[in-house]
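Asks: Each chain is listed here by its residues.
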Amino acid sequence: MSAVTLRWAQLYNTWYRKIDMSGDVYFEDDFSQRIIFACPFAGPIAMIKDPGMILRVKDTTSSFIKITSSCGDVFCTIEPDYYKSIVKLGWNDNERLVVVLEDGTVFIYSVHGRKLRQFHLEGECVTEGVIDCHIWGSGLVCLTGNYQLYALMDFEEPYTIKLANPGLEVEPVCWTIIEPQLSVINTLEVLVATESGTILVITRDKVEDMVISSNGPFSRLSVSPNGKYIACFTKDKSVWIVTADFSTNLTTFNTKSEPPRQLVWCGNESVICYFERHDPEKNESDYLLFMIGANLKYISYNYNEPVYLVPECDGVRIIGKNTLEFLEKVPDVTVDIFLEDSKSHSSHLYKAAELFSQENPKADKYIRLIGQELPNAVDLCIEAAGHEFDVNIQKKLLNAASFGKAFLDFYDPEYFVSMAKDLRILNAVRSYRIGIPLTYQQYNVLHVDLLISRLTHRHHHQLAYEICKYMDRRTDDVLVHWSSMKVQYDQYLSDNEMANQIVDKLKELPGVNFAQIAATAHREGRKELAIRLLDYEPRASEQVPLLITMDQLRRALAKAMKSGDTDLVHLVLIHMLRSPDISPTELQEILHEYEDVRKLWLSLCTQEGDSALAYLIDAYDYSNRPDKIARLKIEKQYDMGDELNYKKLEESQHLYEDNQYLFESAMTGNQIALLVQQNVLEQNDGRQHLGNSLSETLYDLYYYNQGSQASKLAKKFDVPPKRLSWIKLRALADVGDWEEIEKWAKNKIPIGLVPVADVCIDKENFALAAKIIKRLRNNDDKAVLFGRIG
Amino acid sequence: GPLGMVVEISLLFEYGIDKIYFLNDVKPETTARHFIYFLRPRVELTRKIAAHINSYRINGQDKNYYVYFVPRTKMICERVFEEEAVYDYITKIDDYHLDFIPLESDVISMELPTSFKECNLDGDRTTLFYVARAMMKIQFLYGIIPVVQGIGSHAQLVTEMMFRMRREMSADEPSIIPEIDNLIIIDRNCDLITPLCSQLTYEGMIDEVFVIKNGTVELPAEMVVDPTGDKQPEPGSKMTTSLNSDDSIFKETRDLNFSVLGGALNKKAVMIDEYYKKRYDAKTFAEIRDFAKKFKDFQQAHGFLRIHTNITDAVLDITRHVSFRKRLEAEQGLLAMVSPEDSWDYLNECISRQRPFSLVIRLLCLYSLTCNGIPSNVYNEVRKAIIQTYGFHHMFTLENLVSVGLLKRNISRGNSYNQLLNQFKLVVEDLDEANPNDIAYVYSGYAPLSIRILELALECKIPRSEKEGNLEQTEIFAGWGDSKTDDIMSYLPGDDRPFHAKQSLKRGMNNEDTDTNNVTMVLFLGGCTFTEISAIRFLQKKNPDREFIIATTKIVNGTTLIDTLCNKI
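Chains as they are written, first to last, in the working numbering: chain A, 1 to 790; chain B, 791 to 1359.
Warning: the hint list may mix true and false statements.
Stated by the list, open to error - When the alpha-carbon atoms are kept at most 27 Å apart in a straight line, the in silico BS3-like pairs for lysine-lysine are as follows:
| # | chain 1 | residue 1 | chain 2 | residue 2 |
| --- | --- | --- | --- | --- |
| 1 | B | 907 | A | 507 |
| 2 | A | 748 | B | 1116 |
| 3 | A | 84 | A | 18 |
| 4 | B | 907 | A | 505 |
| 5 | A | 507 | B | 1292 |
| 6 | B | 1332 | B | 1251 |
| 7 | A | 763 | B | 1116 |
| 8 | B | 1292 | A | 633 |
| 9 | A | 746 | A | 782 |
| 10 | A | 636 | B | 1116 |
| 11 | B | 1041 | A | 599 |
| 12 | B | 1041 | B | 1003 |
| 13 | A | 771 | B | 1116 |
| 14 | B | 1003 | A | 562 |
Just so you know, the hints here were simulated from the structure itself, not pulled from any lab data. Quick caveat, the model's predicted, so the values are computed rather than measured.
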């Protein structure tokens, strides 16, 4: 048992331990000459040459960025031409390297050094230049040459926002940020230690002066992992710990030293100062970790080589050329089990299991000591197993748990199983081959999905795939990435073979994103392969745009049509229209080939209005529909409110006539003639006629007692006598000219007398109605109509 | 508009909406800085927004614009913004996936009035794509529908799109035991006759007379307001009244044939009256309490009854008129193939008397559909008469009607409608409208063809697929798997043939043993009428263990359908 607690150290009432993984580590580089940028969650490390060292060591070859795993495995070296203008490197949540330059340019690289994206910060970041920068998992904050702060909140949507003006005259002594997800007010906060000794808290909307005068200016600032506390290194060489709102002092510890090289939190309960001291006389350097806890207690650790501290959510990762350690507060469950003289139930269970394995009958005594608390003790042993890096101890703890389980009638195995699974994953990724020394707590915070994604992007496809299967997750992303990489790197494989291999791997997955792989193939210049792969893509909305980029317009059209998404068809058609490879005649040929597309095209052009008129005429011309062109012209004329212009109508009439559209030609001719007549009428009687139909005009004429004009007009336009009679009857009845009706009814009326009687009744002229009904011959009609008069 | 059907307007105000405007040419005069536009993706509407933005900009007003297209952005609309150079001033352009809107507990509608016109006249089938997507959403929520039956090319298109989309989304398919057993898709094209006929159910008649819009109807205020109340409306003013099954009187009368309407309302009145009388009979405490408990319901019903009595009076007034009777005779003469000549004469009389255009066109098209087209010798004559009476531009309306198949010139012998009439038993004699025994009651004798097709579809019990998983392509088969039915269906004119398909379900989702859910969804493409809904409700009453959900692109009637086809000049 002592072996477990051997490297534990007590700090007031808590225990700290170092987990040593140095056996797996070897860095090529000398840390004293490098600036290190490490990605949290046991992520990769980027290093550049310390510019201070360039002067001392004549080393011209090393103007590169090197990316390694936590264990020193080199992923890549990038030799950028902008090396001298680098301001800061950092990592986002997806393990992508972020490089910020003086001129506000930001590059995003994969761990393998492939440039993924590039964008520019805006505003004074460009005009004044960037002099410093803080990068966190999803965004960054820049300090510009004129001491303004700019933030980018999301690398996915690189949109620069300006924070409130801190009003600085000189460069801040030191500054740091509270990430939005840690901030109490849920927004990004920037803490700036000014020359004058105070601290400003800056958000997008305001600057707040914390009005601290006593112990500033501060040369180091550090925010605790939970965002609740701030550690500051004061002018008088003390570490001052205060709540994040600067309202409550927690500790002040005088180190009596110059400012440390690094000031970082180890968990949320202690702060570490890392000092590097050089004794020029002995030409010796000494490297000291100085951990400060509650009640002015401290622990110090010495190193014989320079190290770099990476703060994690639950402790500190310590890396050096030959060093990889994790320093953390020992979890309470672990303390309870392993601490000498522990009387906890979990420790009893652990002991019982140990004794049992030694076939020692005392085991029974311990089990009985636990009594009712056994289920809880089992849980605690399982939990403690999670916190161990040593596989043997993991096994012992899980053994203890399963030993305890045996005494229980019912115990839900869920926790045990999931922990065993998690540990298998953790042990796999911790191996030096993979080099991700995650703790159980970090693993939970990071989430297994993000871990899978990190593994995928590190090209550990096999492991990522197995974890997916093991944890019952979809393997799409892993396999799509694998395929894309295969397309990218396996350049000698034939298109056929490549497509077969990929399809073979992916066929088990419905709905997998083939378009993404095809896009990679297209980028790599393998067009045929891209087209083949795209055929397997089920989503037309992914397929069609890519086919368009690949200039496969006809194929794109076919796919778009099949999908039924008219917007996609439209997209292809517009590209066809603009494409230099497709002549207007060719476009018409294509339209002619697909009846559905042609109709849609016509409809779209019609909707679009004037700008597309020419296309419409082209299309009708090609399909030999002059009648449609004539109609289009007439509609256009009406649209413009020019429908009374009969001269213009003649054009269309000719078009109809010349192409044997006789009915249409006749009707248009009639309309022209009607307009001419109406014009004359208007001049004669001063009433409005233009724009009315023939029947309406006739009605008006009868209504205004111009019966003879009406007859003339009716004759001219061949209005059948029956219809004319109806119009006349209606007009006369409406105007109330019963005399005229009576007179008219004495003659033979084409529609007979029944309607006349009807109208009389409707208009309640019963006297006339009666007269007319008497003249009817049909007795049935007579009876009905008399019935209505009553 | 439909927006009111998905959100309480008062809720919008609670969320800080200042005022709601209808999109028109004049920009809202307001100091508000943020504008949210909801619109259908149509070019002319988009241009209006662009005009608003430009007009504000000229006045130097800086505003934020958020544009939501319902149900989806169209590229052609975004191009309008680019053309009008306002694209950069719009803060956000996005989709608002408003798909099916519930109108009733058994009716959902996409509220796409121009779907029929766009699909059949313009050849733009975008709305079908929307329908397919909406159906995917339904299946996402209520499970994959195991059996799909359909008739018509558009129905088949929607089905193909649905299957394709299922493959596209297969990764996200939820595991839900299907709540809907089968889907029957009916393309309006397969039955153009029904919407042309005058609807004779209560709700249908209200729609014909007053026009029901999004479940509400605008009535003269004096029909709505209690004449004994304090507030009397200004004469000539109109009031909007909701029409749905929350109204206890309407719930029981909406599907009735108009001939029994008076009696039904009377019965209700007597019932309410008797209830009020009970007040004097109530002696024991329990009786009084019972009376009081129902008082509110009855009082509410009383209010509804007054409104419906007024509406019914207005509707029955119309039915008593000679012209209504003549029109009905003309329609029935065509439908029953008794005296098409008389109907033709009546049609000509209507034109001569310049009766409302849509009525004339409905009758003309009904003639064309039942008599195998307009006889060649009078085809030009009647078209000329219409143009001379209603205006030159209707030459194009007639062209449109020909394009969609509502109108044609008779060029062949024989008449397929005669066969339809016999095969589908479209006309039912001896109908008891008070206690209907057949769906034909909704048109007093004519059984809507669409619902006859539905009846046949329901008779074909297509078993679910026994395959599990969703990897393979779903195959579409011709016919409904019953040779007798398929034989009858072959009498339908045109190329539209029935088809069916079985969608395989995920493992464990095929839970057919439980008889609890016996739900059929009927989807109308191109719209359905209130009478068709009533007829389906009648079918439901006849088969109490089957539940129907009616989905449609829009509730239409002959007039609104013809309106979309009219040349708008």
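Asks: Give a verdict on every hint.
Replies: Hint by hint, here is what the structure shows:
{"no.": "1", "hint": "B:907 with A:507", "in the structure": "42 Å, violated"}
{"no.": "2", "hint": "A:748 with B:1116", "in the structure": "25 Å, holds"}
{"no.": "3", "hint": "A:84 with A:18", "in the structure": "37 Å, violated"}
{"no.": "4", "hint": "B:907 with A:505", "in the structure": "47 Å, violated"}
{"no.": "5", "hint": "A:507 with B:1292", "in the structure": "23 Å, holds"}
{"no.": "6", "hint": "B:1332 with B:1251", "in the structure": "17 Å, holds"}
{"no.": "7", "hint": "A:763 with B:1116", "in the structure": "19 Å, holds"}
{"no.": "8", "hint": "B:1292 with A:633", "in the structure": "49 Å, violated"}
{"no.": "9", "hint": "A:746 with A:782", "in the structure": "17 Å, holds"}
{"no.": "10", "hint": "A:636 with B:1116", "in the structure": "40 Å, violated"}
{"no.": "11", "hint": "B:1041 with A:599", "in the structure": "43 Å, violated"}
{"no.": "12", "hint": "B:1041 with B:1003", "in the structure": "17 Å, holds"}
{"no.": "13", "hint": "A:771 with B:1116", "in the structure": "25 Å, holds"}
{"no.": "14", "hint": "B:1003 with A:562", "in the structure": "35 Å, violated"}
Going down the numbered hints, you'll see the structure goes against 1, 3, 4, 8, 10, 11, 14, while the others check out.
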